[in-house]
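As they're listed, the protein sequences go chains A and B.
Note that the numbering used here gives residue 295 to position 295 of the first sequence, counting from 1, and the numbers run on in steps of one.
Note that the numbering used here gives residue 610 to position 218 of the second sequence, counting from 1, and the numbers run on in steps of one.
No wet-lab data here; the hints were simulated from the structure.
Here the structure is a predicted model, which is why all the values come from computation and not from measurement.
Some hints here could point you the wrong way.
[Stated by the list, open to error] In the DSSO-like style, the derived pairs of lysine-lysine whose C-alpha atoms are separated by at most 30 Å in a straight line are:
| hint | chain 1 | residue 1 | chain 2 | residue 2 |
| --- | --- | --- | --- | --- |
| 1 | B | LYS685 | B | LYS417 |
| 2 | B | LYS705 | B | LYS686 |
| 3 | B | LYS597 | A | LYS57 |
| 4 | A | LYS57 | B | LYS698 |
| 5 | B | LYS725 | B | LYS686 |
| 6 | B | LYS597 | B | LYS509 |
| 7 | A | LYS342 | A | LYS201 |
| 8 | B | LYS597 | B | LYS507 |
| 9 | B | LYS705 | A | LYS57 |
| 10 | B | LYS688 | B | LYS725 |
| 11 | B | LYS430 | B | LYS597 |
| 12 | A | LYS57 | B | LYS417 |
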Amino acid sequence: MRKLLAPEGVDREAVLAGEHFMTGDDACAEGAIAAGCRFYAGYPITPSSEIAERMAKRLPQVGGVYIQMEDELASMAAIIGASCAGAKAMTATSGPGFSLMQENIGLAFMMEAPCVVVDVQRGGPSTGLPTLLGQSDMMQARFGSHGDYAVIAYAPASPQEMFDLTVKAFNMAERFRTPVLVMADELVGHMSERVVIDPDKIEIERRPRPEAKPAEGARILPFGANGRGENGVPPMPLAGEGYRVHFTGLTHDERGYPQIDPETQERMIRRKIRKIWDHRDEIVEYEEVELDDAPIVLVAYGSTARAALRALRLARERGLRVGMLRLITAWPFPGRKVEELKDRELIVPEVNAGQMAREVERWARKPVHRVNRLGGAPIAPEEILQKIEEVA
Amino acid sequence: MTVTNSNGNADSATATITRAVPRVKTLKELAAQEEREKRFQGGHSLCAGCSIPVMVRSVLNTIDIPVVVVNATGCLEVATTRYPTTAWNVPWLHVAFENAAAAASGVEVAFRVLKRKGRTAQELGFELPGEVRVVVFGGDGGTYDIGLQALSGALERGHRFTYICYDNEAYMNTGNQRSGATPPLAHTTTTPVGRESLGKLQQRKDLTEIAVAHHVPYVAQASISHWQDLVRKVEAALRADGPSFLNVLAPCQRGWGYEPCLTVEIARLAVETRFWPLYEVVEGEYRLNALPKKPKPVSEWLKTQKRFAHLLKPENRHLLDELQLQVDREWEKLLRRCEGRVLEV
């Protein structure tokens, strides 16, 4: 019997190897299973329900567990619990559910509980556009929970990336002991495309584990950097393994015990943020398309990057030198790369009122050009092309 | 104590049937009310054979005084308000999935405060009606599961409102995922029947009993198939001086898997097989509202729906027997609580 605890390496029997024609939502579920996810707790919500449905079918086949919870608060809490017990755990949702998960996302950060949260974005606020595209949770991904924290968030642009980046999300979650977000969107979630799953190309990372065995008196510091410096990722003991562990949402010391004072707050929260921020060069990913000679650069992500790429081609056909920086990680934001581009004309198309555009402006230290739509339909390549022609 | 035995011999209980039934509106009167105010109109996009509009029209046409409807997210909300049209001709408030009862609390208190302060039409810009009823419609997703906390809070605080749950036993709006109301062994998209599973492996929540546990003046279980009983219960709920709760079984042809023309019949079968007993709890006192003379085995109800198809295979006979046992056990428990009090329309 396969264990609920995450398999050590690639569980070849579980991976759906081969070439497939599948939706982004299905590819996301397969990515999770390939990465060793054996626990899913969720609450159905359009346009992410297909992830839950596929996990409900697939997890029992690979020795995993699917639990449908009573709401998104419970879903997020359940994956934190499963993570503390050693499982690789995931939930998937969309806007309204993502809002309900925010408190517990902060808890996962505070407890340093690795887990993956997928948000297949739709138009908001509130119930908004349940079945239609949106990209308007990008800032909520960064700042949605209260308090100071750091996140890792991916923005897949195709079903293939729904697979690949979900695998990567699990790896980053494990490596840095932190919640990782996959900020998909309705278009990417529901579109069907070729998805290649090659078990030989899948890498699996596991969370750091305590060196001392859980014998009587074994002294471990599940929240201490343990000699790894101020940005260290602490080893994670598992509930029930034999260590004496104390996990809490209160500000705690290296042992996990509540310590409510400014010094502990400063020391502990800074380390939790720095373990991600100081490693941003290893986390940040982006794709450069014809950047070198381009005085005009599109900065795009998710499904909108597909329209931007088409606009880039149309512009090149007309002799306009346009390049694109496609964000693969939205957070940490590839700020240094944008800084390098500060002398170019920057255009940021996105299906919201202008969220990532602000971050681009912050790093470029100047206003950028925006192409926005508040949700419901993708931005057409022609709309982006029109902006390119205005700017050129 | 006069209770029936489990094989359906109802002699002792029927002896005490109370027939002092308040007069309920006739179909003609309901139709006349509908004609007059058109509170809920056709042209919406609920599925053919959907039981929800049957329930909503029965409810709204029973009420003569002004009504404010609060609607949780769900089939009813989505399909009746597709821009630029709406089926609602009453003040209608759609909130999030989880907070209909909380929003209704706000509406009820605000109205009460305006009334108490005696605000004039000049101050308000409109004439405050003498009486208003706040009615909430929520599905089983928005009531049994994500909205349960808000419902519990509102029942406990004692707001005068009527919460009506249309229970179609799964998340039908998002494509038939299991809910706390899904019966054991039913197939849904998140409890798929296959090699590893026989459908939902857990019990269903008894939400009606949860509402009763809040000691509110009126709680009832009803079915769209028994419309006179439903209409009487709506009237009783609106008369109650405090919170009232109705749990109405609402078959779903898409999710349950049956021909759309069979909706009412399947709802009736749920009552006749005692899967969905009709009863009410008035100030804590239980009354049975339908005493099937010749109760049918629960398999009669199950076999009408594709979601239970796997239970009819010979190798799953024991599961069917187990379900029947459960239904019998629940029925006997209910009879004990009713202590022979039966009130049928």
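With a cut-off of 30 Å on the C-alpha distance, tell me whether A/LYS342 and A/LYS201 pass.
violated (36 Å)
Agreement of B/LYS725 and B/LYS686 with the hint, judged by alpha carbon distance not exceeding 30 Å:
holds (19 Å)
Between B/LYS705 and A/LYS57, is the straight-line Cα distance small enough, at 30 Å or below?
Cα-Cα ~22 Å, so holds.
B/LYS597 paired with B/LYS507 [C-alpha distance capped at 30 Å]
With Cα atoms ~38 Å apart, B/LYS597 and B/LYS507 exceed 30 Å; violated.
Assess, step by step, whether the Cα of B/LYS597 is no farther than 30 Å from the Cα of B/LYS509, and give holds or violated.
Violated, because 42 Å separates the two Cα atoms, which is more than 30 Å.
Taken at face value, is the distance from the CA of B/LYS725 to the CA of B/LYS688 at most 30 Å?
Answer holds: B/LYS688 to B/LYS725 is near 18 Å, not above 30 Å.
Hinted pair B/LYS597 and A/LYS57, Cα distance within 30 Å
Since the Cα atoms of B/LYS597 and A/LYS57 sit roughly 23 Å apart, the hinted pair holds (cutoff 30 Å).
For the pair supplied as a hint, A/LYS57 and B/LYS698, is the alpha-carbon distance within the 30 Å limit?
holds (19 Å)
Below or equal to 30 Å on CA atoms is what counts here, so check B/LYS705 against B/LYS686.
Holds, at about 26 Å.
What's the verdict on A/LYS57 and B/LYS417, does the C-alpha distance respect the 30 Å limit or exceed it?
violated (48 Å)
Check whether the Cα positions of B/LYS430 and B/LYS597 lie no farther apart than 30 Å.
Judged against 30 Å, a Cα distance of about 35 Å means the pair is violated.
So if I understand the rule, the pair passes when the alpha-carbon distance is 30 Å or less; does B/LYS685 with B/LYS417 pass?
Holds, because 25 Å separates the two Cα atoms, which is no more than 30 Å.
In this structure, the hints that do not hold are numbers 6, 7, 8, 11, 12, in rising order.
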